[in-house]
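Engineer: Sequence:
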Amino acid sequence: MYINEVKTLRELAFLLQIEYNYLTYILYKKRPENCYVSFVIPKKSGENRTINSPIKSLKYIQRKLTNQIWRYELYLREEKGIDSKISHAFEKNKSIFTNANIHKGKKYIINTDLKDYFDSFHFGRVRGYFNKNNDYNLPIEIATIIAQLTCYNSRLPQGAPSSPIITNLISNNMDMMLLNITKKYKLDYTRYADDLTFSTNDKYIVDNFDVFLEAVSKIVEKNGFELNTKKTRLQYKDSRQVVTGLVVNEKLNISSDYFRETKAMAFSLYTKGKFNIGSKEGTMSQLEGRFSFINQIDKYNNKLEKKPRSFRNLNKREEQFRRFLFYKYFYHNNKPLIVTEGKTDIIYIKAALKKLYMDYPDLVKKEYNSFDYGFAFLKRSKTLEFLFGFAKDGADSMKNLYNFFTGNNNAKDYLKYFQEYSMYKPNYPVVFLFDNELIVDSKPLSGFIKHIKLDDNKQKYFKENHFVRVLDGSNLFLVTIPLVKNKAECEIEDLFDDSVLELTLNGKTFDRKGKNKNNQHFGKEIFSKYIMKHYKEINFDRFKPFLVILQTILNDYEKNG
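If you use this note's numbering, the sequence shown corresponds to residues -15 to 545, in order.
Honestly, the hints are just simulated from the structure, not real lab data.
Treat the numbers as computed from the prediction; the structure is a model and nothing was measured.
Virtual Cβ for every residue (Gly too), placed ideally from N, Cα, C.
Be aware that one or more of the hints could be misleading.
What the hints assert, rightly or not - FRET-style restraints, in silico, Cβ to Cβ:
| no. | residue 1 | residue 2 | range |
| --- | --- | --- | --- |
| 1 | Thr367 | Lys469 | 37 to 43 Å |
| 2 | Thr34 | Gln270 | 31 to 37 Å |
| 3 | Ser41 | Lys349 | 24 to 30 Å |
| 4 | Asp481 | Lys363 | 56 to 62 Å |
| 5 | Glu265 | Lys471 | 50 to 56 Å |
| 6 | Asn393 | Asp481 | 40 to 46 Å |
| 7 | Lys469 | Arg47 | 43 to 49 Å |
| 8 | Thr367 | Ser41 | 32 to 38 Å |
| 9 | Ala472 | Asn51 | 50 to 56 Å |
The task is simple: from the sequences and hints, build the whole structure.
Structural biologist: Next up, the structure:
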């Protein structure tokens, strides 16, 4: 069943997989107009934009509705053989990068936009589309309900998950009409929300610019919008051409000013502890957003050019981003940080802390039914893998992280850099956590100790206490799991009772090595989920010596730095 087949409210509830009574409660008792919160965000122009965001109950329904509209749209595109190349906002696998790339390297680019775009989509227009559009033809009652669920103050609100796809659906007729006239002028056309862009290498558009613009304006007005002529401009190849914030003269890029400003902001943060964006003090998140945006452009270009890249051959912009992330995660971190061998280790530690929260108030606090952990855990990501060589799997990648604390193996010595330039000392300790496997040279811990060339005194202290400050004067600590069960070596899973390790789920037993011969076993991921779900029933006493180590490191670092 697709959304165009819905005839009644019950059928709509069934399609959305929402209880009928719940849907009617939101529609007629709580009422959608009472399900929004409003806040203001600044625009680049200095003006403010009001965002109306639905609360959780309504947002849940809007997302379900959006998914069903998408499902039907994808079906229509496949049936009609349509590849939507015009709209690049709010489309899957589309972005400002795909939008700008179509206009890259063109001699002439025309930019314009639509006035008050979102405000143009009023209640009647939304209802009329779903009622009268040939692909939908929904009964007026269902079209009205969709409009009720998606509109606020009689308009599609910025902030609702359903608004983007509906704006694109309603704008599609305008797109098709504009596409027809662009053929006459040999233009490429794309739209990113309210931004319209046309481009060509044919000089014909220069001599006929006013005529073309008048034709565009008529189509825009015919479709219920208004062209913003004050923002309409023709850009030439010999000047800087910008499409949706990206320079497109040769390849996708940002302006050199933008990168210079971002770099200066970062240096101000390192040396003064603060920086400004415009006239206002910026935040760490805003600065990370700027670096991430620049990095996305570089990644997009690298992908197009099929250039193999890694953390060993970054460009200057990527290196600046890496330096910032080192500062954020490892130097000016806002919590003590634990770096683990694998992601399941994090789940085990969190589960243990949840069970033992009353014994370790400095490591975890409980507020109502939520827990605030005294440590942050470094999550592996594609960004960290690309910039630091911190791969999604494998403990050996922790060697790569360590190199940036020391400058080993031709890595940048970020610790030395920040110790020289930053007004702060490292905020909190950073803990590299390994399984206790010192006997076999091929195991991660043994390999790491050899890599960092831990001296004899530190090695002796480490073996006796299971932790050591790796670098004098730094915030970096090496920690391993205390030995249990009279074992010569142990992994973090050995801290669980045998009854837990011998767990059977759906006739399968736990195999920590990830082997699943004849479909008889399950691995660490399923095991860790079971641990977290049943943490109240599990004995975590063997985790206590390890948690005492963490507490000792915290206390010592707070006292002595």
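Engineer: The structure should be examined with respect to each hint, and the outcome stated for every one.
Structural biologist: For each hint, the structure was consulted:
no.: 1; hint: Thr367 x Lys469: 37 to 43 Å; in the structure: holds, 39 Å
no.: 2; hint: Thr34 x Gln270: 31 to 37 Å; in the structure: violated, 20 Å
no.: 3; hint: Ser41 x Lys349: 24 to 30 Å; in the structure: holds, 29 Å
no.: 4; hint: Asp481 x Lys363: 56 to 62 Å; in the structure: violated, 28 Å
no.: 5; hint: Glu265 x Lys471: 50 to 56 Å; in the structure: holds, 53 Å
no.: 6; hint: Asn393 x Asp481: 40 to 46 Å; in the structure: holds, 41 Å
no.: 7; hint: Lys469 x Arg47: 43 to 49 Å; in the structure: holds, 48 Å
no.: 8; hint: Thr367 x Ser41: 32 to 38 Å; in the structure: holds, 34 Å
no.: 9; hint: Ala472 x Asn51: 50 to 56 Å; in the structure: holds, 53 Å
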